[in-house]
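Chain order of the listed sequences is A and B. The working numbering applies: residue 1 is where the first sequence begins, and numbers increase by one. The working numbering applies: residue 1 is where the second sequence begins, and numbers increase by one.
Please keep in mind that the hints were generated in silico from the structure rather than gathered at the bench. Backbone N, C-alpha and C define an ideal beta-carbon position, used for all residues, glycine too. Mixed in with the good hints, there may be bad ones.
Said to hold, decoys possible - Label pairs and their computed distance ranges (CB to CB):
#1 A:13 to B:13: 49 to 55 angstroms
#2 A:78 to B:153: 33 to 39 angstroms
#3 A:78 to B:147: 28 to 34 angstroms
#4 A:144 to B:99: 41 to 47 angstroms
#5 A:114 to B:181: 21 to 27 angstroms
#6 A:188 to B:46: 52 to 58 angstroms
#7 A:13 to B:8: 38 to 44 angstroms
#8 B:120 to A:48: 36 to 42 angstroms
#9 B:151 to A:95: 18 to 24 angstroms
Protein chains: 2
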Amino acid sequence: MTGGYLKGRIRREDIITAAATVYGELGYHGSSLRAIAKRVGISHAGLLYHFPTKEALLAAVLERRDAEDSEREQLTVPPGLDVLRHFVALAGYNVRHPGIVDLYSRLAAEAVAPDHPAHEYFVRHYQAARAGVHESFAALAARGELRAGVEPGMAALTFIALMDGLQVQWLTMPGDVDLVGSLRSYLQNVLTVPF
Amino acid sequence: MTGGYLKGRIRREDIITAAATVYGELGYHGSSLRAIAKRVGISHAGLLYHFPTKEALLAAVLERRDAEDSEREQLTVPPGLDVLRHFVALAGYNVRHPGIVDLYSRLAAEAVAPDHPAHEYFVRHYQAARAGVHESFAALAARGELRAGVEPGMAALTFIALMDGLQVQWLTMPGDVDLVGSLRSYLQNVLTVPF
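Go ahead and model the full structure; you've got the sequences and the hints to work with.
What follows is the structure, encoded as structure tokens:
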């Protein structure tokens, strides 16, 4: 790794950190690349060298969020109850970080269009989350720990969709929605063992 | 009702219809009040008389959508299985009208902020939907038709959040998500009678 390359990577990480902060303060729509460049102490042109569009920077913020989630929650544990517990822990972390949940929800809704810069990110994100939960429900079913009639693939799709839908309702009415409790309740209802 | 008042109401309805069409074609962010005024054949100032902001018009589009949903799906049926069937029928209608689902999802994510013009709309919308489903689950529980351990209020919150979360995933990957089948599957899993 050359010094120049390393310096470029550090600068790139600094920009992503500043972007996440500015998004949290002003929202995605309220922020601009100029404001983010100013925060990180570089020129607008300098920022454009790393991220040519607002959307490219947003995608980078989300990619890093996923990497951090995986690391913190160790989403690479073997399939089973522990994977589900990590998703619930992730929801608990999200409750303490509404800014990033807000950003995620908004972008998910905007990125449904195939030509949106973050579209591929969300396709991969949903597929990876569903696959992980599906595998865990299948492992639980093989041990007789999933209630009869519950299909692992359908339960996985439901669990991820529920997490996303609950987050929007929770952001809208924080006092009215128990995000973590609702997820736990859903899981307990499909399992035959204590969650 | 005076002739002038009636004329104003018709014009207002025409603007809402044109707005829904333009949103479906260009998305909410891609549309402008000028483009909508042009579509309905009135001046920009004429449109501003009825809807002073882009957000006010959007809220009116959503209010009318709710009124139409209630009428078409007769969401005023007595609490019980029929209310749940009407929500599933509504999801079936939504699958044939992705433009309005897209609009709803984007606005729901933007309107989490208390100062957003559509915030109160979404609070009322969630509360009404949850109350209707809660009442139905409670009626089913009283007849022994809800599985033991399923709490009606929690199941209602889950059902509405699931519907919202599934819609975003379905819009992102239409071939990968069975919106109606997933909702039916969730309901069948909490009921003791055939759905």
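request  = May I ask which of the numbered hints given earlier this structure violates, with the numbers listed in increasing order?
outcome  = 7
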